[in-house]
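> Now for the letters of each chain:
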Amino acid sequence: MLFLQLLINGIQAGALYALIAVGFSLIFGTTRIFHFAHGATFTIAAYVFYHLYAVAHLHWSIAVLASAMAAVLFGLALNRWVYIPIQKHEGSFFTVFVAAFGVSILVENLCGMVFGRSYVSVDTTLSRSVEIAHGLYVSPLSGVAIVIALLFFGGLQVFLMRTHTGMALRALSDNPELVRAYGLSPRRLSMSVFALGSLLAVPAAILSAMGSGLQPSLGEHVMLISLAASIVGGIGSLRGAACAGLVLGLAENLALAYFQPQWSEAVTFIVLFLSIIVRPSGFFGRVIAS
Amino acid sequence: MLAYLLNLATLVCINAVLAITLNFIMGYAGIFSLAHAVFFGVGAYTAAWFAMHVSASIFLAIPAAMLAAALLSLVLALPALRVRGEYFVAASLGLQVLAVTVFSEWKSFTGGLGGLIGIPPVSLFGHDVTDPVQFLLLALCGLVPVMLITTVLLRTSFGRNLKAIRDSESASYAFGKNVAAIKTLSVAISAALAAIAGALYAFYIGFINVESFMLNTSVLLMAMVIIGGTGTLLGPIVGTLLLMLLPSLFSYMTFLPQTQIGAIQQMAYGLAMVLLMIFRPGGIVGARSRKAV
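Residue numbers (the working numbering), protein chains in the order written: chain C, 1 to 290; chain H, 1001 to 1293.
Honestly, the hints are just simulated from the structure, not real lab data.
Think of the CB as a built atom: it goes at the ideal place given N, C-alpha and C, for glycine as much as any other residue.
A portion of the hints provided could be inaccurate.
[What the hints assert, rightly or not] DMTMM-like mimics (lysine to aspartate or glutamate), calculated; alpha carbons at most 20 angstroms apart, straight line: (1) H:K1177 - H:E1105; (2) H:K1163 - H:E1086; (3) H:K1177 - H:D1167; (4) C:K88 - C:E177; (5) H:K1163 - C:E265; (6) H:K1107 - C:E265.
[Claimed, not checked] Which stretches of chain C does chain H cover? Using the computed rule of at least three CB atoms under 8 angstroms from a CB of chain H, they are: (7) 75–89; (8) 173–186; (9) 271–284.
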């Protein structure tokens, strides 16, 4: 029964991790920019939602919309004023990574200063658990998380397969030079992919705010998970990132059945390590090991 | 005032060793490690354990610390260096998080969350070094050899191999260089030298716990190296000086809310990193565009 409970918790966490991981993997796979500030996007979306819904008591639709706008604007601003200038004159992996890292530190501390460093959470009826069987507690949030994740993935598939921008993004992740030869602008496409990737972090942020609570350092944790999921799933593979996100969510929760809670974060990284040793290219990735 | 300055100077020496060793792999080998605080911690814990249970002699504790850190670095290097740079960042991040959990749980060796107290002062030829001035001299005796070793290594063929690998790994392969072995060796050297700083830290404060070896410390060390200038000899020292003097500077600005000083400091590092990467990727000491040294 404990196992079943942890399984359900794991799927709920996994669905959210999958959303975040796919956002990061989309950005990294398409533009090859190591967008280490993806966790900052998550933090901003979560805190904007928290502030507008739980503190200012606005209607949830306004809060969700504002949160989505904040996340997308942040992603676009970051691309326009930090990543693109860096890529113009040097753009090595190192420079982009350090700049993204600097931004994530800035955002984390800014949120800590403005909203406080303690745990805050959004109180909703969605997070109230119901005992559906003896010892088994499920809240509507689990169902909502899974449904929303599936909806977003379905929408993403449709976008990438059926729309022109989506096809251009897939082309960009495959061969940037050819895209330029076709007359499309990789810079404009990178703006679209940053908007899309940042948008994918928003539902996860809102659901986390409702379910597990927020802290400024959560962005760091989220970033590590999405990085781990992208690598375990295979860089450039969205399906891989989603599956790996789910697997990591399950692993983190199921580990509670065998280890003490302190080790649950470590389990994520043990999975990452084993994955790098056993299959460096990830589940669905292209082979890259030397 | 003198005691304050001596303390600051000793901590600057210890952190400079860490920055120099991190620059060795980041600036010259192109390996971005977020796990440097782990080797700092392993060095500190090993030296402390050694001093408490075997001998407090500096000539035994420090080599033991160096050996432990070098062995641990092999654990990190061997799987992760088979693959590209991004993977090493992720693996080092993983090692850092994992190590913090291990440090907190392995109570018999690290004292768990409470840490190790009552570390005996280090003994040099039978004389216990407790006076702050003497310890500063000892710390300098740790800093100068580390600087010399890294400078000499960089001037030899090993250093040229590292720079070749940093600039183009495939070209190095084409020239027949055993890239994996060279990278592993450089990580091991960097870890072993970082352990010296760890040992000095443990003996200086007499108390260590996991709080000093977390991701924040790794981030701070990375900031020191980057802001000072990667791939330069003076860069890490400039970065260390700047980032260690900054907290004192901020505390003099009384118009800032005192409870937020920590956050403001971190924001200053973050902002410095972003602005430097956009306008001056070589750091303060480095060239305008990152030219090879």
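> Now look at each hint and say whether the structure bears it out.
Results of checking the hints against the structure:
no.: 1; hint: H:K1177 - H:E1105; result: violated, 41 angstroms
no.: 2; hint: H:K1163 - H:E1086; result: holds, 18 angstroms
no.: 3; hint: H:K1177 - H:D1167; result: holds, 13 angstroms
no.: 4; hint: C:K88 - C:E177; result: holds, 16 angstroms
no.: 5; hint: H:K1163 - C:E265; result: violated, 35 angstroms
no.: 6; hint: H:K1107 - C:E265; result: holds, 19 angstroms
no.: 7; hint: 75–89; result: holds (count 4)
no.: 8; hint: 173–186; result: violated (count 0)
no.: 9; hint: 271–284; result: holds (count 5)
Figure legend: structure checked against the earlier numbered hints; hints not met, in rising order: 1, 5, 8.
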